[in-house]
Amino acid sequence: MFIGEITALMASFCWTISSTIVEKKGVGFSAVAMNVTRQIVAFLAIGLIIVFFNRSSLSTSLSFRGAFFLAMSGLIGFSLGDSFLMSAFTRIGAQITLLIYTISPVLTAVLGRIFFGEKLTPRNIVGMLVVIGAIMLVIAKGGSSNLKVKGDPRGLLFAFLASIGQALGVLFSKAGLENIPALPATEIRLLGGLVGILVICSITKSWPDVKRLLTSRQGIEVTMSNALIGTTIGVVLSMLAIKYTKAAVASTLMTMSPVMIIPIMYFYYRHKVSRYEVVGAVLSVVGVALLV
Numbered sequence: 026m027f028i029g030e031i032t033a034l035m036a037s038f039c040w041t042i043s044s045t046i047v048e049k050k051g052v053g054f055s056a057v058a059m060n061v062t063r064q065i066v067a068f069l070a071i072g073l074i075i076v077f078f079n080r081s082s083l084s085t086s087l088s089f090r091g092a093f094f095l096a097m098s099g100l101i102g103f104s105l106g107d108s109f110l111m112s113a114f115t116r117i118g119a120q121i122t123l124l125i126y127t128i129s130p131v132l133t134a135v136l137g138r139i140f141f142g143e144k145l146t147p148r149n150i151v152g153m154l155v156v157i158g159a160i161m162l163v164i165a166k167g168g169s170s171n172l173k174v175k176g177d178p179r180g181l182l183f184a185f186l187a188s189i190g191q192a193l194g195v196l197f198s199k200a201g202l203e204n205i206p207a208l209p210a211t212e213i214r215l216l217g218g219l220v221g222i223l224v225i226c227s228i229t230k231s232w233p234d235v236k237r238l239l240t241s242r243q244g245i246e247v248t249m250s251n252a253l254i255g256t257t258i259g260v261v262l263s264m265l266a267i268k269y270t271k272a273a274v275a276s277t278l279m280t281m282s283p284v285m286i287i288p289i290m291y292f293y294y295r296h297k298v299s300r301y302e303v304v305g306a307v308l309s310v311v312g313v314a315l316l317v
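Numbering-wise, our numbering comes out as the position in the sequence shown, counting from 1, plus 25.
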């Protein structure tokens with residue numbers, strides 16, 4: 026009962042933790058290098074888990090169609106989508122990037138309706154709008170009332186492409202999951218993403234950055250925490266969410282990191298919380314209640 030919704034929230038929490046670690050310890054390291062290393066570590070970790078603890082999942086029949094869609098999901102979501110997202114961060118800043126990124130659940134809902142015939146109830150729609158509104162309030166007003174948009178058209182385009190990448194990644198995962206267990210499905214998705222990011226790393230000549238990351242204690246710490254918490258655990262949970270609930274609902278709940286990070290920043294880092302962040306957090310809880 027509510028497996029999809031619960032695992033979506035758990036995935037969002039894992040990504041909140043990993044993004045906080047990356048923000049604090051990933052300064053000075055290449056985004057491409059961190060993306061490559063986290064995917065390699067996560068791919069190996071899930072492979073070991075399957076071999077030693079879940080070998081029975083290997084006997085699951087896998088169609089070419091399922092494998093293709095899962096690999097495409099990884100290619101679009103992990104390599105292209107994440108690369109566009111990181112580029113947008115550096116060009117127009119995190120605030121405006123995340124504001125544009127919140128349209129991803131809406132794109133997922135529209136595309137899910139077109140390709141999968143998923144119908145959202147009025148309650149689902151209201152819940153989605155409340156959650157998205159809460160996230161936008163937290164990002165736009167939280168911490169600072171001065172949201173200045175940097176006028177870099179490429180940055181705005183990259184943020185929009187990242188939103189499309191997230192939406193397509195969720196939908197391709199939905200199409201590919203079929204009767205495949207979450208662990209092998211995640212492994213195939215990571216393989217697709219890994220192929221893409223290795224190509225990007227070669228094109229951008231980022232291999233020296235990868236070496237510098239892996240020869241630094243801080244680099245290894247950020248790689249391992251990001252790979253194990255955010256990619257291994259977080260992505261497996263997201264696959265369960267996509268499998269057991271509507272794609273748009275899963276996508277909405279999995280974008281709640283800007284709200285979930287508020288208590289972490291307040292209790293752990295002792296940062297002041299604005300009234301807008303409090304209102305946004307309360308609204309997000311109301312929205313989640315409507316979605317589940």
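Check the hints yourself; a few may be wrong.
Distance condition first, Cα-Cα at most 30 Å in a straight line; then the derived BS3-like pairs of lysine-lysine [as the list claims (entries may be wrong)]:
hint, residue 1, residue 2
1, 230, 49
2, 144, 268
3, 50, 236
4, 50, 297
5, 297, 49
6, 49, 236
7, 144, 297
8, 49, 144
9, 268, 166
10, 144, 50
Now the in silico label distances, taken between C-beta atoms and shown as ranges [what the hints assert, rightly or not]:
hint, residue 1, residue 2, range
11, 310, 50, 44 to 52 Å
12, 229, 178, 31 to 39 Å
13, 27, 140, 40 to 48 Å
14, 304, 89, 31 to 39 Å
15, 53, 179, 38 to 46 Å
16, 178, 228, 16 to 24 Å
17, 297, 90, 27 to 35 Å
18, 138, 243, 39 to 47 Å
19, 87, 307, 24 to 32 Å
20, 28, 243, 32 to 40 Å
21, 182, 138, 20 to 28 Å
22, 229, 93, 38 to 46 Å
23, 237, 314, 43 to 51 Å
Read the hints as simulated data drawn from the structure, not as lab findings. On a predicted model such as this, the values are computed, not experimentally measured, just so you know. Even for Gly, the Cβ is constructed at its ideal location relative to N, Cα and C.
Check your understanding: Are the Cα positions of residue 268 and residue 166 separated by 30 Å at most?
Key -> 34 Å, violated
Point to revise | Supplied distance hint 16 to 24 Å, evaluated on CB atoms of residue 178 and residue 228 | key: 22 Å, holds
Point to revise | Supplied distance hint 32 to 40 Å, evaluated on CB atoms of residue 28 and residue 243 | key: 37 Å, holds
Exercise for review: Starting from residue 144, check that the Cα of residue 268 is at most 30 Å away, please.
Suggested key: Since the Cα atoms of residue 144 and residue 268 sit roughly 16 Å apart, the hinted pair holds (cutoff 30 Å).
**Study point:** residue 182 versus residue 138 beta-carbon gap, inside 20 to 28 Å or not
**Key:** 25 Å, holds
Review point. If you check the beta carbons of residue 304 and residue 89, does the distance land in 31 to 39 Å?
Key: 49 Å, violated
**Study point:** residue 310 paired with residue 50, Cβ distance criterion 44 to 52 Å
**Key:** With a Cβ separation near 30 Å, residue 310 and residue 50 fall outside 44 to 52 Å, so the hint is violated.
Point to revise | Hint check for residue 93 and residue 229 - Cβ pair distance inside 38 to 46 Å | key: 26 Å, violated
**Study point:** 30 Å limit on alpha-carbon distance, applied to hinted pair residue 297 and residue 49
**Key:** 17 Å, holds
Exercise for review: With a cut-off of 30 Å on the C-alpha distance, tell me whether residue 50 and residue 236 pass.
Suggested key: Judged against 30 Å, a Cα distance of about 17 Å means the pair holds.
Point to revise | Given pair status - residue 144, residue 49, alpha carbons within 30 Å | key: The hint is violated at about 40 Å.
Review point. Range hint 31 to 39 Å: satisfied by the CB atoms of residue 229 and residue 178?
Key: 21 Å, violated
Hints 7, 8, 9, 10, 11, 12, 13, 14, 15, 17, 19, 22 from the list above are not met by this structure, while the remaining hints are.
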